[in-house]
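**Q** Each chain is listed here by its residues.
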Amino acid sequence: MDQFDLQNPVFATYVIAATLMILKAVGMSWLTVIRMMKVKGGFRSPEDIRKTPLNPAPDSKQLEPNESVERVRRIHMNDLENLPFFLVAGLLYVVTGPPLWLAQVLLYGYVASRFLHFAAYFTAQTHDMRATLWTVGSLILIFITCRTLIAALGF
Amino acid sequence: MDQFDLQNPVFATYVIAATLMILKAVGMSWLTVIRMMKVKGGFRSPEDIRKTPLNPAPDSKQLEPNESVERVRRIHMNDLENLPFFLVAGLLYVVTGPPLWLAQVLLYGYVASRFLHFAAYFTAQTHDMRATLWTVGSLILIFITCRTLIAALGF
Amino acid sequence: MDQFDLQNPVFATYVIAATLMILKAVGMSWLTVIRMMKVKGGFRSPEDIRKTPLNPAPDSKQLEPNESVERVRRIHMNDLENLPFFLVAGLLYVVTGPPLWLAQVLLYGYVASRFLHFAAYFTAQTHDMRATLWTVGSLILIFITCRTLIAALGF
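Residue numbers (the numbering used here), protein chains in the order written: chain A, 49 to 203; chain B, 49 to 203; chain C, 49 to 203.
Don't take every hint at face value.
Restraint ranges, calculated between C-beta atoms of paired labels, are given here [to be verified]: (1) Gly75/B to Thr171/A: 36 to 44 Å; (2) Trp78/B to Lys109/C: 35 to 43 Å; (3) Ile82/B to Phe170/A: 33 to 41 Å; (4) Glu115/A to Leu187/C: 38 to 46 Å; (5) Val81/A to Ala160/B: 29 to 37 Å; (6) Ile198/B to Val81/A: 56 to 64 Å; (7) Asp50/C to Lys99/A: 27 to 35 Å.
In silico DSSO-like pairs for lysine-lysine, Cα to Cα no more than 27 Å straight-line [as the list claims (entries may be wrong)]: (8) Lys109/C to Lys72/A; (9) Lys109/B to Lys109/C; (10) Lys72/A to Lys72/B; (11) Lys86/B to Lys99/B; (12) Lys88/B to Lys99/B; (13) Lys88/C to Lys99/C; (14) Lys109/B to Lys109/A.
FYI, nobody ran anything at the bench for these hints, they're computed from the structure. Ideal Cβ placement from N, Cα and C applies to all residues, glycine included.
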């Protein structure tokens, strides 16, 4: 059986985890849009204070950073620092043929850690809690990457 | 036939779309370099105002943000928020075996939306136009990701 | 033989290069954490100056940018602009069936250029040296991407 076939349960596990993480990252873009529309600000480009149908009453204050928008941007940035690497590491990890239960624990564990990280960051929990949740995901990422590297080296 | 073989026209479509998007993103790095050299500024690190062959007359003003450079950096940032996720989502979408015409509409449509987004952002069109073009690409990305997730869940 | 099998030496070469680059990027996150703990600052969110076990003596100055932390963040940002695209471009390049020696020169050459770029940036070498090392990696990335695009177009 082809390893990159949805009939392979380890690959299907990866695809579910990967698509959930992609939707999570895209969701951050939309959440930024929603918050910018709500506060009518947090814009970044000079042309964004031109009068348009979506911005009928422009004001130069719309270009100032808005904490409600900046919070989502920081969460999004944290995704950009983590998710693209998880997406590729997870795909390559499938090639090492791990047992299904282990793949599920690691990949779904990563997904859970990232959704909890979002919940903690979005609701402004302490830095300690956010860092703990990030660490769980990061250690899973390091584990699957090292496991894959070792397999590729032939050990 | 292997699904990840260039003989598979859906995979070839993905590879063409993916490589064009990678070249687009790398192009933003080079455009940043070109603009920094043109304005001799927009640098970010303290050591960048040391006297070197490429910077014979350094000045502390070279570390100030330069809008001509910052505009390209914002476009680049928008790519980083979108393209890595498209690259993985598109690859996984190939596994679902979509009809060729649909894959072409979605993947080439995404590529077109991103090049038009670049043109609109680079020439400082209204936020409304830029947002509309970004939305087209984002909806395509959400569609192929959801379609792949549903296939992986076995529906 | 399946092209995405570790028995394929070109794919194994890619997996080694890719996992090293993923570990490098994740390492930048950890280096940021280490430096933030060392200087007890360089934080970004308002809640980060709440009193917690890991931050027993909070101070509003902890939210100011700290150059020692910012340097690692700039290096990290440079990774985000480059590595996700290399990771996908390298995977697709495997499909074109390049000779092993060429794949090794390009993929390991890229890895070497990025580790040297890190060393130059981390120790604040001149912008010229950093730019030169970045250029080597960027040209390799452009080469493998164009080669793959040409193969996908059927030439």
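**Q** Hint by hint, note whether the structure agrees.
**A** Outcome of the hint check:
no. : hint                             : result
1   : Gly75/B to Thr171/A: 36 to 44 Å  : holds (39 Å)
2   : Trp78/B to Lys109/C: 35 to 43 Å  : holds (38 Å)
3   : Ile82/B to Phe170/A: 33 to 41 Å  : holds (38 Å)
4   : Glu115/A to Leu187/C: 38 to 46 Å : holds (41 Å)
5   : Val81/A to Ala160/B: 29 to 37 Å  : violated (21 Å)
6   : Ile198/B to Val81/A: 56 to 64 Å  : violated (25 Å)
7   : Asp50/C to Lys99/A: 27 to 35 Å   : violated (58 Å)
8   : Lys109/C to Lys72/A              : violated (33 Å)
9   : Lys109/B to Lys109/C             : holds (26 Å)
10  : Lys72/A to Lys72/B               : holds (24 Å)
11  : Lys86/B to Lys99/B               : holds (17 Å)
12  : Lys88/B to Lys99/B               : holds (13 Å)
13  : Lys88/C to Lys99/C               : holds (13 Å)
14  : Lys109/B to Lys109/A             : holds (26 Å)
Checked against the numbered hints given earlier, the structure breaks hints 5, 6, 7, 8 and satisfies all the rest.
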